[in-house]
Every structure is written in C-alpha cells, then in structure tokens.
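Novice: Please work from the sequences and hints to get the whole structure.
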Amino acid sequence: MFVWPQPDAEALASNYGPGYYVFHEPPARRWARAVQVYLNHLLPLEGRTGRRLLEVGCAGGHLLALARARGWEVQGVELSAEAAAAAHQEFGLEVFAGTIDSFVTGMAAEPFDMAVAVDVLEHVPSPLTFLRCLRRQVRPGGWLAVETPNWGGRWRRL
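Adding 427 to a residue's 1-based position in the sequence shown gives its number in the working numbering.
None of these hints come from the bench; they were simulated from the model.
You may find that some hints are simply not true.
Between beta-carbon pairs, the in silico distance windows are [to be verified]: (1) PRO576 with THR556: 18 to 24 Å; (2) ALA496 with SER441: 23 to 29 Å; (3) GLU517 with LEU555: 29 to 35 Å; (4) ASP528 with PRO567: 29 to 35 Å; (5) PRO471 with GLU500: 15 to 21 Å; (6) GLN463 with ALA438: 15 to 21 Å; (7) GLY519 with ALA455: 26 to 32 Å; (8) GLU537 with ARG475: 42 to 48 Å; (9) SER441 with ARG475: 39 to 45 Å; (10) GLY519 with ARG563: 14 to 20 Å.
Every residue gets a Cβ at the ideal spot worked out from N, C-alpha and C, and that includes glycine.
Specialist: Written out as structure tokens, the structure reads:
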C-alpha cells in the first residue's frame, strides 16, 4: 500500500494544516486503540529496555499518556499543530508540532529506547527516508514499531 503520487512537503503542509485535526472517533475508541498498541509493542518490553519513548504521529497523545502513566519518559511528534496542542491541553504532554525531520534538526537529545509510528508511514513523501530518520532516533539495540492500515481487512470499507 502506498500513496501515489507521493506528496511533497508543501502538499503535506496544506493537507494537514488548520482544520485537519478533528476527532472522528469517540474517546473510548481512541483509548482502546492506545491500549492495543501498548499491549502489542510496549508491554512486552517493560523490564527489558530503557523507558524513553518517541511517538511520531501521536495525534491527541493517548498512547503517550498511557505510556507515561506506566513509567515511560515520553516525547511526541505531530504534524498537526492543533493535535499537538490538544495533547498538551488534555494530558500535559510536550509534543513537537512539525515533521520528524524538523524535530531531529531542532533537537540534540539522547536517543530513545523505542520509537512508534502508527498509521503514519502511508502519509509521508518518502517512506524509506522516514524510516531511516526514525531509526536514527533509537539507541543501538532499541526498538522500532511501525503499523500501517490493513487494507485487506473488512473494516476498510466502512
């Protein structure tokens, strides 16, 4: 699955600008999704790795809020400034509003133990470049979890 033609940075800024971030799911569903991702990717690592988590495409911050409550040090990156503000307002999270490239350029922090990107890869101009950039944010021996939609599943038609 991929987007064609691939959007450039200008198209992305236009597509994900003001008005993009509108919740279409009830809060219970957003929490259920965060719990599912946590159980699949983070819970198995508790006790086996450090606790610095980067989530790219964190939207309203539900996964980050859950991880923080479980003892993780969290950082979010979200293209939508509205979503980043919502994550801060609802959960007190510090979320960088922009692309992973601009986050990396502006930050000189220690590497993360894990990076997560859920339903993001299909939105970026260059998936390979995105993955390489994301991987550089993770310490050697760290973990990278990337999920994309299941376009073969029955739910995509709803």
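Novice: Would you mind marking each hint as holding or not holding in the structure?
Specialist: Status of the hints after comparison with the structure:
| no. | hint | in the structure |
| --- | --- | --- |
| 1 | PRO576 with THR556: 18 to 24 Å | 20 Å, holds |
| 2 | ALA496 with SER441: 23 to 29 Å | 35 Å, violated |
| 3 | GLU517 with LEU555: 29 to 35 Å | 33 Å, holds |
| 4 | ASP528 with PRO567: 29 to 35 Å | 22 Å, violated |
| 5 | PRO471 with GLU500: 15 to 21 Å | 18 Å, holds |
| 6 | GLN463 with ALA438: 15 to 21 Å | 30 Å, violated |
| 7 | GLY519 with ALA455: 26 to 32 Å | 21 Å, violated |
| 8 | GLU537 with ARG475: 42 to 48 Å | 19 Å, violated |
| 9 | SER441 with ARG475: 39 to 45 Å | 42 Å, holds |
| 10 | GLY519 with ARG563: 14 to 20 Å | 28 Å, violated |
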